[in-house]
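Undergrad: In the order they appear, the protein sequences are chains A and B. Terminal number for the first sequence in this note's numbering: 1704, no gaps in between. Terminal number for the second sequence in this note's numbering: 1704, no gaps in between.
No wet-lab data here; the hints were simulated from the structure. Don't take every hint at face value.
Remember, identical chains collapse to one label, so a pair may be satisfied in a single copy or spanning two.
Unchecked claim - Below are the PhoX-like pairs computed for lysine-lysine, each with C-alpha atoms no more than 25 Å apart in a straight line:
1) Lys-1478 with Lys-1645
2) Lys-1493 with Lys-1059
3) Lys-1359 with Lys-1239
4) Lys-1564 with Lys-1661
5) Lys-1645 with Lys-1077
6) Lys-1202 with Lys-1163
7) Lys-1301 with Lys-1564
2 protein chains.
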Amino acid sequence: MAYPQTAFRAVKLSPGSLIHKRHETVFSTTLMYQLEVLKGTGRYDAFKLGWHPSYDDPPDVWPIPNHLFWDSDIAKWIEGACYLLGNHQSSEVDTAIHELVAMIRSAQQPDGYINIHFTVVEPEKRFTNLRDFHELYNAGHMIEAALAHQDHYHNDQLIEPILKYVDLLCQRFGPGTNQTHGYPGHPEIELALLRLYERTKNSKHLDLAKYFITERGNPVGDDGHHFYISEAKRRGDDPRRRPDYWPDKSCLWYYAAHEPITKQKSIEGHSVRAMYLLTAAADLILNADLPLQDLQRAVFGLWDNMVQRKMYVTGGIGAMKQWEGFGPDYFLPQGTDEGGCYAETCAAIGVMMLAERLLKSDLDGRFTDIMELCLYNAVLTAMSPDGRNFTYVNQLASSDKDPSQRSSWFTCACCPPNMLRLFGHVGGYIYSTSSSSEPKHTEIIVHLYTGSTLKFEVDGKEASLTQETNWPWNGNVKFRFESPSENVSCKLRIPAWADDFHLSPSPPSLHVEKGYVSIPASWLAKNPSFELSIPMTPRLMKQHPLTNQDTISVARGPIVYCVEDVDNPWVTDHFRSLQLDPQCQFTERNVNDEGNNDNYIALTVEKGASLLDEGAFSAPSTKVNKWDEAVNHGELVEELHFVPYFLRASRGGRGQARVGLKHWRK
Amino acid sequence: MAYPQTAFRAVKLSPGSLIHKRHETVFSTTLMYQLEVLKGTGRYDAFKLGWHPSYDDPPDVWPIPNHLFWDSDIAKWIEGACYLLGNHQSSEVDTAIHELVAMIRSAQQPDGYINIHFTVVEPEKRFTNLRDFHELYNAGHMIEAALAHQDHYHNDQLIEPILKYVDLLCQRFGPGTNQTHGYPGHPEIELALLRLYERTKNSKHLDLAKYFITERGNPVGDDGHHFYISEAKRRGDDPRRRPDYWPDKSCLWYYAAHEPITKQKSIEGHSVRAMYLLTAAADLILNADLPLQDLQRAVFGLWDNMVQRKMYVTGGIGAMKQWEGFGPDYFLPQGTDEGGCYAETCAAIGVMMLAERLLKSDLDGRFTDIMELCLYNAVLTAMSPDGRNFTYVNQLASSDKDPSQRSSWFTCACCPPNMLRLFGHVGGYIYSTSSSSEPKHTEIIVHLYTGSTLKFEVDGKEASLTQETNWPWNGNVKFRFESPSENVSCKLRIPAWADDFHLSPSPPSLHVEKGYVSIPASWLAKNPSFELSIPMTPRLMKQHPLTNQDTISVARGPIVYCVEDVDNPWVTDHFRSLQLDPQCQFTERNVNDEGNNDNYIALTVEKGASLLDEGAFSAPSTKVNKWDEAVNHGELVEELHFVPYFLRASRGGRGQARVGLKHWRK
């Protein structure tokens, strides 16, 4: 079972596409830029196990020391670098990786333990706070780095110490009477262990992943008590001194550990933790010998709950800042001045990871649609086109308190290196293949459209599928199959937003099932070159009425649009009072943004929007008929300009931006 | 300048009206019921200064000991009882008041100090935490109780020790170098001191009130620092162990102390604290020798900000549970499952108090409209018709987690005795009078309509004005003036919701200014009996579009309606998916609810509502045209029954209720 983290090696992105551009940017700029940051902030040398002055800093988010994630920052950079080196060469990057690996090796303790904080700062506290202290999260990222390192360098320099560390973990954690019955507050190691198991086939790795996933939330797992409650008691925690991210006295739901996953029906708590956990659970379902029906039902149910009730129109998840996660069902305000909006970058990357795993269980375009939605919007928006500026939070509307702006780095720096590693292996999300030997048959499934070539083997011989397209700006995709065999079929995803699609030449019959159209092998053998056309025109979208968001969002193909003050300089209130007429007409404009080396389609609406006159309403309520009149009091907007949401805060301006505009009912 | 707390003694409520019924209920039931609770919970005997076992209980809301408000619970009961004894007799109540007063006298410390907690539990901590520990709040309520006690009993048994306590406070707090430069975290004493000053004319009382009000929020008031910051340092507070009601590390805005009131433009923090503070500030404006223009501008500005952007259609204020207060501008979800709704009872009573003071500065019906809105909705809803069950939080929509239900008492019991004292002196809100001697003239201003008689003096002789009306169910009000003088004019409020009004007989010209119609003395002398008619029909109201509440609320006259499951038993989702067609037709029905001894008008809509089909929408967004179709997928509701919001949770049912229904756009 291929993971995108390895499958990408068979995929070559063609120059010119948006995805290829970002992939190139992360190599040409982000990779070295982040290496400089690792060096400048002390992370690079941290595995030398010396003291860094920042270890004395008080936590920004109590009780988590600010440097607690440094291991993962380094691991994620190594992982991303190893992906990027698959298509590029850089002796500087090679050198850095070799130095870092040497430091990690030398930082390993005699018993196999590897961790900066718990070796340098608080060695006596090792494994005493699985709930909050990210030891196992860091270990998970180290495993993923080691896998990528082994793939690229074909040596065991990193995986060797990591396997030794994993041995220690397998010994320490599990159901045995002498083992700790715990699991990480921040999931990550579970998905890493499953990927490790695919490499090692060592059942200990599968077993530990399974233990962490299935033990989580056990109300009586630790000698009759919930592990996190027993663990806190053992630490002697002051119950009044609660973590900054807890809104209440006890928040096991923050960790998605309030009950076993199999019992969870509503997605709760910290969104990144939930996504990493469910990605692992979805992977476990694929890996387990025995069917895990309860787990499967729960994971699919939680996906549905999330997508139907807790996901923004951009694919972003998480409305609540305090716990970086999910609010109540249908609570999806666009900005903090309207009650909240978080939509963390890593969470959107997590949605892509989860969707990819779910597709392996159930090939259904509803997962791919969300995967693509996240990629082009909630994820892509998190990095500026120059690859040097990032967002951690991806709000749909700015405010004076939280303007639309980017940062070059964050104290808690999970998001920027996550962009690096995602764009390092993004090719792995485009295709999947399945093959059977009896009868001999290979099927190529095309999930995403972007200029690229997939190489695969049929009957031991090389074959390929090439896409030529200007997606996401144009819905025409030219395919070219080169295969020595006639036993190759394919499936092409038809997005749910597509009003229509055409194939040319046209197969005698077209069967679309769950969002994928099947191209039979016989037809493909005769028509190795064909073209898929999906019309792309601007469309207007609304969120579920129970969100209380009576707003219209503009999309075109997979791209969600926004309005920004740089194109609409008259704005003063972050477009909060802007209303859009659903009957409005769009004109499209090809923009060649030389500064950002980006081409995109911008949209303009003429006389199709107006500004609410905020003062035209009575307080605290207005009679319906007067309300209807008041709505039309405001000024007509002559021209309203939209740009792709992913471009926000990248072209200057005053930090005012918005996705959903009030539904103007004339 | 009359306060309602004394003005009510000139007003006799006529039997039969809703207000009179509640007034009678608080005497016949609530008063004795609450006395039992005071006795049963240990409050009654607390001024004996013995130890109560509950003093050992951990705080429900850290760091505030649960019993910290007991002084105020007793004071508010005494105050309410003294109001009620103005119209009723009860030797049992007399006895209890006399016992309590004796206990309070005996609890006074040699230096004048009176406080249960800081005498019995933590005497060493007296005046060390003005920010959180309610000492001055309790003192304020003791002052108000003493004023009411003196009015009713015409003796100094209670006011004598209280004046001694106030002397201590005047000595301790103020701008002097040997004084504490602090002010209470929970305002109350300010408004009490101003009322005391009206009685004593002792300028020390005015000065201390003025100091507390104007010093508040001084960033450098305590030796170059904010008082609350210095005070916390003096206590050696652990900065990580923050009060449960603080969402962030420092929350001076919770106390409306983040800056001086004169600089505040947005109403923030705890809603009751803000209302008590602004009531005092509005009173100070009336009392001060020098005009306080900056303060006046700020108080009126904060009122406007609150009413225009932070008030529910019921008059409730405060969306945020954690800090029992205001959210961002226009953040007004109806229930906790939609992001929040608090609307505390005491806050709505505070709005009435503030409106009453503002009317004294500026006779404008916009204040009275809100005062009446609160009275009949946000306040009245907080007590069941039987006078024994209460709500602390007055949400506009229930949810499974927070059903629509009442409690017989609360650990933090501010609201029930506040209902007692409000309904004890509610007559004081109905009228105000102004008179001039040169030329001799008296004007009676009628703010509220309800069956009642106001007695007043003209030229040393008794005069009266009587209203006969079935308000709030019927808008016809018969007035009868009995006056020995012809120099009496009157003003009648015309509510903003009134589409029209008539006077019969009709004066030659009618002048309405700022919501009040003036009846000249000459006409009144000839027409001592006349009738005002204000049509009352159901009307549909919407909140400001920036609230993102695309909902319709139903009102009739001053009464806001809701739907409840007891009348609409098919409901399963707390009416969240119910949509109301603004073209719907209402039928009215007079209900004689014998169980509750209440008469009211219920409303029914036939075939004017439908249920959203929650599953008819795509996730996470739907194309606009399909969204419009999906909205009409659901089931038509044959009959939808509305009852006054104040009756919610009083007639059985399963705890499902809602005020605002989705705007159904067919």
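Undergrad: When Cα atoms must be at most 25 Å apart, do Lys-1359 and Lys-1239 count as within-copy, between-copy, both, or neither?
TA: Classified as neither; 40 Å inside a copy, 51 Å across copies.
Undergrad: Using 25 Å as the alpha carbon limit, work out where Lys-1645 and Lys-1077 are close: within a copy, between copies, both or neither.
TA: Classified as neither: same-chain Cα gap 52 Å, cross-chain 70 Å, threshold 25 Å.
Undergrad: When Cα atoms must be at most 25 Å apart, do Lys-1493 and Lys-1059 count as within-copy, between-copy, both, or neither?
TA: Within one copy, since 21 Å is at most 25 Å while 84 Å is not.
Undergrad: Classify it for me, Lys-1564 with Lys-1661: is the Cα-Cα distance of at most 25 Å met within a copy, between copies, both or neither?
TA: Close neither inside one copy (67 Å) nor across copies (38 Å); limit 25 Å.
Undergrad: One pair to classify: Lys-1202 and Lys-1163, alpha carbons no more than 25 Å apart. Within, between, both, or neither?
TA: within (21 Å within a copy, 57 Å between copies)
Undergrad: Up to 25 Å between alpha-carbons, please classify Lys-1301 paired with Lys-1564: within, between, both or neither.
TA: neither (51 Å within a copy, 78 Å between copies)
Undergrad: Should Lys-1478 paired with Lys-1645 be assigned to within, between, both, or neither, using CA atoms and 25 Å as the limit?
TA: neither (60 Å within a copy, 62 Å between copies)
Hint compliance for this structure: hints 1, 3, 4, 5 and 7 are not met, and every other hint is.
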